[in-house]
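Asks: Each chain sits in its own coordinate frame; assemble them with the hints.
Here are the chains, one letter per residue:
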Amino acid sequence: MKQRTPSLHRRLLPVVGLLALSAITASAKPPTSEVNTTGLAVTDDTVTVGQLHSATGTMAISETGSIQAEQLAIDQINAAGGVLGRQIKVIKEDGASDWPTFAEKAKKLLVSDKVGTVFGCWTSASRKAVLPVFEKENGMLYYPTFYEGLEQSKNVIYTGQEATQQIIAGLDWIVKEKKAKTFYLIGSDYIWPRTSAKIARKHIENVIKGTVVGEEYYALGHTQFGSLINKIKLKKPDVIYAIVVGGSNVSFYKQLKAAGITSAKQTLLTISVTEDEVLGIGGENLVGFYSAMKYFQSLDNENNKTFVKAFKDKYGANSVIGDVTQAGYLGPWLWKAAVEKANSFDIDKIAAASPGLELTTAPEGYVKVHPNHHLWSKLRIGQWGTDGQAKVLYESELIEPDPFPKGYQ
Amino acid sequence: MIFFRTLFKTKGEAISFAVFVALIAIILPLALPIFRLNLVGKYLSYGFVAIGLVLLWGRCGILSLGQGVFFGLGGYCMAMFLKLEASDPVSTSIQTTPGIPDFMDWNQITQLPWFWEPFKSFTFASCAVFLLPGLIAFIIGWAMFRRRVGGVYFAIITQAIALILSLGIDGNQGFTGGRNGITDLKTLLGWDIRTTGAQYTLYFLCVFLLLASALLAKYIINTRFGRVLMAMRDREDRVRFSGYDVAMCRTFVFALAAMLSGLGGALFVLQVGFMSPSLVGIIPSIEMVIFTAVGGRLSVIGAILGCLIVNFGKTAFSEAYPDAWLYLMGGTFIAVVMFFPDGLAGIIEKSGTIKTKLVTLGAGLMKKLKPAESAEKASAAVAEIPKTAEP
Chain A
0 MKQRTPSLHR RLLPVVGLLA LSAITASAKP PTSEVNTTGL AVTDDTVTVG QLHSATGTMA
60 ISETGSIQAE QLAIDQINAA GGVLGRQIKV IKEDGASDWP TFAEKAKKLL VSDKVGTVFG
120 CWTSASRKAV LPVFEKENGM LYYPTFYEGL EQSKNVIYTG QEATQQIIAG LDWIVKEKKA
180 KTFYLIGSDY IWPRTSAKIA RKHIENVIKG TVVGEEYYAL GHTQFGSLIN KIKLKKPDVI
240 YAIVVGGSNV SFYKQLKAAG ITSAKQTLLT ISVTEDEVLG IGGENLVGFY SAMKYFQSLD
300 NENNKTFVKA FKDKYGANSV IGDVTQAGYL GPWLWKAAVE KANSFDIDKI AAASPGLELT
360 TAPEGYVKVH PNHHLWSKLR IGQWGTDGQA KVLYESELIE PDPFPKGYQ
Chain B
0 MIFFRTLFKT KGEAISFAVF VALIAIILPL ALPIFRLNLV GKYLSYGFVA IGLVLLWGRC
60 GILSLGQGVF FGLGGYCMAM FLKLEASDPV STSIQTTPGI PDFMDWNQIT QLPWFWEPFK
120 SFTFASCAVF LLPGLIAFII GWAMFRRRVG GVYFAIITQA IALILSLGID GNQGFTGGRN
180 GITDLKTLLG WDIRTTGAQY TLYFLCVFLL LASALLAKYI INTRFGRVLM AMRDREDRVR
240 FSGYDVAMCR TFVFALAAML SGLGGALFVL QVGFMSPSLV GIIPSIEMVI FTAVGGRLSV
300 IGAILGCLIV NFGKTAFSEA YPDAWLYLMG GTFIAVVMFF PDGLAGIIEK SGTIKTKLVT
360 LGAGLMKKLK PAESAEKASA AVAEIPKTAE P
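Going down the list, the protein sequences come from chains A and B.
Oh and the first sequence: position 228 is 227 in numbering that gives the first Met the number 0, straight run, nothing missing.
Oh and the second sequence: position 352 is 351 in numbering that gives the first Met the number 0, straight run, nothing missing.
Here chain B stands alone, though its shape is the one from the complex (with noise of 0.2 Å):
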């Protein structure tokens, strides 16, 4: 029970929650075909990055601009395994040199380059999926929150790091893909991936990670470590007056977000069957963030539903309107950022506040109806409500 009241501060949390799991678990599968049931799988693949901005940008009120390089070296690591599964040398005959991946015959490679041989292992590839974006995070947040970098420096640092990352893979197609990427993915441990009943398996296997990340986000959030990181975001100087590490506090948040992104990763490759540089650079990590933007940067479901709702528009828009429908996408982003900086999330807990809002300013000005005497208390109702407003 307490540790159910740690997950849920109040009802309403709880019962959002619920709502939403019986949405991406039950609903969505039963009323969307497979093929739209797949993209939403795509989608909630974004969700992991969003769970992790939730953590390092709202609570921590760290802006990283380069979460798609965790989320690529995920997917990476995840494709590298798939490919080499899929290159077997009876497949791959026609080449120069069979048994390697299609891409490294065409630029003359013949051998299989080292740091691909451990991806031969599926325990290894899986392990790396997580481990090797947390382990990059890591090296990166501690030298940067060591130093105290913070605010745009460290955005502009993380988006310097997705702009080598997509060209260093964009350069070295031999060893990468290049700008191809790594394509035509196959099965995994023999597993044809690509039929209907594996892309159901893996779209609840993704709603099942997704809904534990969710849950561990949201516990973190709520345990005393929660408060510390926000009690960072407002007041930095005080807490580490208080004593607290707050360098090593950020780098934690920093590589658990980056292994979160690293695991939706691998779940985007293996429900979309590529990987491509694409997924890596400036654009797709800044995109993630307005996923979070857009649902709410405060609030785990709301990040994800971001996800899904961007996301959803995207499709129909482009599907409709092929010709404007950036222009409709970019609209919205506009409108969501003037009128709601809390996102869509913050709508609905907001919409809470407006109903006390209201509240209090009938009961003042019924009391104004009243005789002169309860004027003043009406006064002080009305003077709390910015109070009120407040988080």
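Isolated chain A, as found in the complex (with noise of 0.2 Å):
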């Protein structure tokens, strides 16, 4: 017997390194009881998160350019390694342009499915709607649109940028450019165009100390707007200052045309008009006009190169890109990023672990988290060609995301 043990010692050898091999790769990739104590869907090898955004209805063709980017980033991420050595599962959920059903939906992703997290909504409502669901049921939501603000949640990263940060600067370069004194403001009728114009107004009277000599505002899917565009004629405005949102935008640009309100003649400043909706309105009708944005797909840097070629490779030649699209990809990426920062899945030690990180790959340049879960970002302003494209002519210093403004409430 004394002779074999040391034969069995060499026979066990590579056994026991072995062992060490796995235990170092291990090591690399944390045990999943380590980085995952809430009972969320992590495996060895996996981590399953969801994407809720309107594939249906109304809002789909606003909100696909969400779910490609945001599916892009989430294949470039596995693509290169995964999460803590995990690869990323989608589980796709269709919101159907319809709020009750973005809460139950929201509600099936955190308590069936146990998702890490989600990417998704696209306008306010679907979000008033889901977010005591995130809050109850203490899930992440990474919300790629430009938006009204006055919200904050430990339960939502907002990607996009809130109102101020769209406004105050878009405004500030209009009249140093065009020595602009008196607005027109116009918007959809809802809340991110009544806030936006709230701001816009307060802004105007007290700090720019011009005049605002009218503000209406339309339904949703209006069509006509024949007599504002008289009143317009007769008001005479420097600036008017556009926030119709949707399909509303065909008609208002091609009326405006129509009725010789061109940028030869009048200066116009959008925030409500991406690379997606110049494809619906067509870059004839719009040329000339200003949009404020933090992104433009035309942005000359080297990140963003990458990433439209990406985009296009995976989604055709003809797609653009357009602020929530980028704010959509954004999304998996700070994600990641807040994981790897926390060492682990937890919603709360996510949560924790996003203020302060920053992200130096983003497309429109370099993105900061603030402690208020939204995102220091530039403010650009664009105009935009025959091509559907848009010039960009103006960029800010990184601007820091106020959701609740004091003195524009």
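Warning: the hint list may mix true and false statements.
[Claimed, not checked] A partial selection of chain A residues facing chain B, derived with a Cβ cut-off under 7 Å: (1) Gly81; (2) Asp93; (3) Val110; (4) Ser111; (5) Pro131; (6) Leu149; (7) Trp172; (8) Asp188; (9) Ile190.
[What the hints assert, rightly or not] To spell it out: a stretch of chain B is covered by chain A in this simulated footprint if at least three of its residues, at any positions, have a beta carbon under 8 Å from a beta carbon of chain A; those stretches are: (10) 170 to 181; (11) 267 to 279.
[As the list claims (entries may be wrong)] The list that follows gives simulated cross-link-like pairs (lysine-lysine, PhoX-like), each with its CA atoms no further than 20 Å apart: (12) B:Lys313 with A:Lys153; (13) A:Lys264 with A:Lys180; (14) A:Lys197 with A:Lys405; (15) B:Lys313 with A:Lys91; (16) A:Lys208 with A:Lys405; (17) A:Lys135 with B:Lys185; (18) A:Lys304 with A:Lys197; (19) A:Lys135 with A:Lys348; (20) A:Lys180 with A:Lys135.
Hints were generated in silico from the structure; no laboratory data involved.
Each residue gets a CB set at the ideal place from its N, CA and C atoms; glycine is no exception.
Replies: Here it is as structure tokens:
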């Protein structure tokens, strides 16, 4: 027996070596029990996340870009080894442009599927519908749309701009460039345009010392702007400030052009037109007008070139990328960064790890998460050309997000 | 016993009702996790509208495409009460004006509007849940049925009302929450409605009220009044000449259907936790008619089952095929309407008739095989088939 022992040793040696090796790889990939203490859908090889947008209904046309960008980011993260060594699996749910459905699906993702995080929502109404669900079930939502602010939640990371980031710098620029004093505010009738117009009006009246000569709202989907155009001709504002949303945009700009209100005679600044909307409106109906956004597809930097190429390779050469699409793309990357910083998938730890995270690879350049869960970002002014792309004329410094702006409420 | 007879004309009806009660009150709560059961509760809250539509459309022949209005009014009454409770000055201290709902603060409203004031009282709110829809339906119904507006015109007007109300809510966001609706509802008289226990309680409350409403509807259908309603549907003039007040009868049913819808709306809000104008307008109003049509507009239980089946289908299809589920739903509706005009309940009732038909046919054939003398009888039996197929 004594003689046999060393030979047994020798035979066991490779096994021990293999065990040691697997221990080393395991240390690169922390065990599931450590990184997932709250029972999320995380295994040794995969982590499941949810994607909740409208694939059908009136909002589908707007939300498709976000769905595509999030999927692209997830594919890229998976190709690069996943998150904490785990491949991301996506459960896709359709909110169907219907707010109770959004709430139902959010609950399903969090309660039945136990997803690690959710990328989703687009309209304010859908976000308001799911917010109580995320707070009660303690989930995490990455929300891509620029929105009205007045909200802050531990359970949401807002990757688009809140209203003050988008409005104030843009107004300052147009006043400086065009010596504008009078403004006509036009919006669709719901919370985002109304809140944005409120902030714009306060800034125009209190800071710029200009005047608002008209402020009007039309129901979503409104298509008859004839009487409005007559009023504009009568009041002759220096700037038309447009916050018209969705399908109404097409009739609005076509009718402006038909009435002879073009960029040759009239300055128009909008905060609701991205490349996606221009696709519907047609560049020739919009040429020379300005948009204030944090991102344009034509942005000239290396990050953006790589992003645009990857997007077009995946979704076709004719696809366009708007502000919200880019913000959607940031979601999975910010989540990955937060999970890796926290070394955990637990929602509370991600929420705590998020403030201060930086993303230097963002197509928009550089973003940083603020303790209020919004992003520091720049504002850009783009002037539309006939090809449906914007020429970036101005870029601000990084602007601090301030969802509850003092003096603007 | 007589009362029982009025509720259930046949043993089969009583049995199918008992099976239905067992299904929603025992089997589903035991079989489903609370998340799914909560969804069933949501579907059942549409069942109240369906019961109303069985009375109104199935029995009276009046198609209303505006039942979402009453569902919405009931829901908003409840949501306003819950929102005021959720907006106490402490939890809204971040606002410019603490103590008012958050969306009012966002719209620079600094004082609670007068029509919100009474909704601080639970008694007022819970009465308003069905009295307000009932009153409005009474006024609309009275104005229209007096003038003998019916059929397509009535449907168009109710649809217009649905559009007006949803636009009105949308456009006055300072007072109504606008497109976002009234969200983030938390407690009912201090009782947290979001906990698992509360959701079970609310589910059973919903089931209890739904069954009570279903029995009320069955009772009305099987009384003399119910037969008068049917007579009005089929031969309005004769009923009028017989001295019945057709307008009043119809107004009553319209108001009753509205009250049931309002109750459903309130239970929807309690179980889902928010209310929005997307539940008031044209699309939900038509959807509720579809639920009823699929289930069977002549049968109370059938219509409720229609709500359950269509919504289960919606949830299941949209979870399995997020990109193609609308086509699947659309295909199902077309198939049901084309092949089973009386809905799924119609299939079950028809299956009885088909059996009789086959038996008669079989008997006829048997006799045909026999010598010629019975041929006449056989053909008579075959000729009788259409009669038995008539309801």
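Asks: Of the numbered hints stated earlier in the document, which are not met by this structure?
Replies: Of the numbered hints, 1, 7, 12, 18, 20 do not hold.
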